[in-house]
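Just so you know, the protein sequences line up as chains A and B, in that order. Once you know that position 193 of the first sequence is 199 in this note's numbering, the rest is easy, because the numbers rise by one and skip nothing. Once you know that position 63 of the second sequence is 69 in this note's numbering, the rest is easy, because the numbers rise by one and skip nothing.
Just so you know, not all the hints are guaranteed correct.
Remember, identical chains collapse to one label, so a pair may be satisfied in a single copy or spanning two.
[To be verified] Simulated pairs of lysine-lysine, DSS-like, Cα-Cα distance not exceeding 30 Å: (1) Lys315 to Lys125; (2) Lys133 to Lys123; (3) Lys133 to Lys287; (4) Lys246 to Lys315.
Hints were generated in silico from the structure; no laboratory data involved.
2 protein chains.
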Amino acid sequence: MLLRRCLALALAIALPVAVSADETQPARTPAPKELLAKSQPQEWRTPDPQNLLVMQLPQGRVLIELAPDFAPLHVTNIRTMAHEHYYDGLAITRVHDNFVTQWGDPASDDDNGDKSKLKPLGSAKEKLPPEYTRVYDAKLPFTPLKDGDFYAPEVGFSEGFPVARDQTHQQEWLTHCYGMVGVGRDIDPETGSGAELYAVIGQAPRALDRNIAVVGRVLQGMEFLSGLPRGTGPLGFYEKPEQHVMISSVRLASDIPAAQRPQIQVLRTDSATFAALVDAKRNRFDDFYRVPTGKVDVCSVTIPVRDAKTAH
Amino acid sequence: MLLRRCLALALAIALPVAVSADETQPARTPAPKELLAKSQPQEWRTPDPQNLLVMQLPQGRVLIELAPDFAPLHVTNIRTMAHEHYYDGLAITRVHDNFVTQWGDPASDDDNGDKSKLKPLGSAKEKLPPEYTRVYDAKLPFTPLKDGDFYAPEVGFSEGFPVARDQTHQQEWLTHCYGMVGVGRDIDPETGSGAELYAVIGQAPRALDRNIAVVGRVLQGMEFLSGLPRGTGPLGFYEKPEQHVMISSVRLASDIPAAQRPQIQVLRTDSATFAALVDAKRNRFDDFYRVPTGKVDVCSVTIPVRDAKTAH
Numbered sequence: 007m008l009l010r011r012c013l014a015l016a017l018a019i020a021l022p023v024a025v026s027a028d029e030t031q032p033a034r035t036p037a038p039k040e041l042l043a044k045s046q047p048q049e050w051r052t053p054d055p056q057n058l059l060v061m062q063l064p065q066g067r068v069l070i071e072l073a074p075d076f077a078p079l080h081v082t083n084i085r086t087m088a089h090e091h092y093y094d095g096l097a098i099t100r101v102h103d104n105f106v107t108q109w110g111d112p113a114s115d116d117d118n119g120d121k122s123k124l125k126p127l128g129s130a131k132e133k134l135p136p137e138y139t140r141v142y143d144a145k146l147p148f149t150p151l152k153d154g155d156f157y158a159p160e161v162g163f164s165e166g167f168p169v170a171r172d173q174t175h176q177q178e179w180l181t182h183c184y185g186m187v188g189v190g191r192d193i194d195p196e197t198g199s200g201a202e203l204y205a206v207i208g209q210a211p212r213a214l215d216r217n218i219a220v221v222g223r224v225l226q227g228m229e230f231l232s233g234l235p236r237g238t239g240p241l242g243f244y245e246k247p248e249q250h251v252m253i254s255s256v257r258l259a260s261d262i263p264a265a266q267r268p269q270i271q272v273l274r275t276d277s278a279t280f281a282a283l284v285d286a287k288r289n290r291f292d293d294f295y296r297v298p299t300g301k302v303d304v305c306s307v308t309i310p311v312r313d314a315k316t317a318h
Numbered sequence: 007m008l009l010r011r012c013l014a015l016a017l018a019i020a021l022p023v024a025v026s027a028d029e030t031q032p033a034r035t036p037a038p039k040e041l042l043a044k045s046q047p048q049e050w051r052t053p054d055p056q057n058l059l060v061m062q063l064p065q066g067r068v069l070i071e072l073a074p075d076f077a078p079l080h081v082t083n084i085r086t087m088a089h090e091h092y093y094d095g096l097a098i099t100r101v102h103d104n105f106v107t108q109w110g111d112p113a114s115d116d117d118n119g120d121k122s123k124l125k126p127l128g129s130a131k132e133k134l135p136p137e138y139t140r141v142y143d144a145k146l147p148f149t150p151l152k153d154g155d156f157y158a159p160e161v162g163f164s165e166g167f168p169v170a171r172d173q174t175h176q177q178e179w180l181t182h183c184y185g186m187v188g189v190g191r192d193i194d195p196e197t198g199s200g201a202e203l204y205a206v207i208g209q210a211p212r213a214l215d216r217n218i219a220v221v222g223r224v225l226q227g228m229e230f231l232s233g234l235p236r237g238t239g240p241l242g243f244y245e246k247p248e249q250h251v252m253i254s255s256v257r258l259a260s261d262i263p264a265a266q267r268p269q270i271q272v273l274r275t276d277s278a279t280f281a282a283l284v285d286a287k288r289n290r291f292d293d294f295y296r297v298p299t300g301k302v303d304v305c306s307v308t309i310p311v312r313d314a315k316t317a318h
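Next comes chain A alone, as it looks inside the complex (with noise of 0.2 Å):
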């Protein structure tokens, strides 16, 4: 909505859902809340403490999730350079506007390439396998988005990520929506390993599917990745030490004692509520919406999260 403020306000009281009157128009669709305000609470999963990254930043907490499914040894590697306190004192080096943010240790970007400054990776490893696409199983789970999709043969949600599928070439990979996390590598395929990571925070760039290990999903915070200022050097690099965004901590959620761990839900993908909030998406008819696309894009959905505290 692109409404002045005290208006906006008075809209988000969620009026009841009225049949049209006039017959040759749509029936207004259900807004986001009033949906959500009727989810049952079986609808909601808890993420599991292994896959969920918590991310300290000054600007705030970063969580993400970790996709087991789709790059496994990556997302290994990942909880392992997590468990041994790795990311703690790297930093955002990277904010390519309408592309990527991304973070890692300062001195991979040095520019003279002195490996010996590098930060040890521990028990981690420094070269994993491309897990760019996955073989398809139809044991996973997959909830199809009806409306197809640009690039690939059928997109869709597996367990809360966006998934594209090609069951020609047997192949399922995740999509680079917003908010998906990826792992930055050099030319040769073989040299991703989790210790550099970025963020998307613009126009879905779909030609990375499948030319770069995607492991995850940013689950809330993500305005602390997409709000910070743009690199001015080649490809949004930052140009000064200065301006890196110092990472206080990364910490699988695991690792922390439960009771300090974020407590967090998110909506299944395969629940009645978001096939319902997909379809309000889709059909989009309201006061302000008044020409329905008719269609949703698999990188236009919002998968909702909440605070586990205020669940009803």
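Take the given structure of chain A and dock chain B to it, following the hints.
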């Protein structure tokens, strides 16, 4: 590219295009830099100063090209407001993550809605008819994108703007891609004037197409609109006045002495070089990208802008 900086810089030096020795692999696609280096002077155009808005923010200068062919009444109104210095001293009041950055009169967002505090619009109109689409005109320049579109029957580019059209319903409209500029309004479609504007800063919100007036595109300085802290109020409004980003001035380039006008050029979207760039993006295959998409969507196409002083 998701590369480390030292490597990225090395690769930024254009390499000659080599046909792949392996017959089973496609040839390396040329980099944008290589294609632009071969562009001809007549492939570039200088935006009409009547259509070029120069917005000065503390962070830097934002250049917006207006699209009178698509929203003539709104563009006229915006020209009037710029000419009368209406925007000077207004502010960016909303940064809604993965959606829009919006600016205008902070008093219009005031919760108590005291209209007497609003800055007068001067000679500009307070309300305009909704120019959400325009009547299809075969004479309007249109370079089709052969890949088609997920949402519209047909998409392409018209004089530097991404455009959708529907010949069946005899309509065409500007698409909500990253960097496109539209007119904030209230619920009533006749409440837009151009006093409140927004720029798209996330995944293209194509559902807004045909529901709101789009008036132009950011040519330069997009990073000053996208790289701002996100608002924490409802719909991404800033909660405190001190968070507002003040607009020093907005001028129409034609109101600026010729010698002081921004000297920029935009690649013609009907040029051979533009077609080659789109094709290279569509089929991107190089050392890093090993799986070409074979397609490109209208909002993933970059329209190059250059400094006229450095043009060769």
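Taking the hints in turn, this is what the structure says about them:
Proximity of Lys315 to Lys125 under the C-alpha cut-off of 30 Å is found in neither arrangement, the shortest distances being 38 Å within a copy and 43 Å between copies. Taking CA atoms no more than 30 Å apart as the test, Lys133 paired with Lys123 passes inside one copy only; the shortest distance there is 18 Å, against 61 Å between copies. For a Cα distance limit of 30 Å, the shortest separation of Lys133 from Lys287 across copies, 29 Å, qualifies, whereas the shortest one inside one copy, 41 Å, does not. Taking the shortest Cα distances, Lys246 and Lys315 sit within 30 Å of each other only across copies (27 Å), while inside one copy they are farther apart (41 Å).
Checked against the numbered hints listed earlier, the structure breaks hint 1 alone; every other hint is satisfied.
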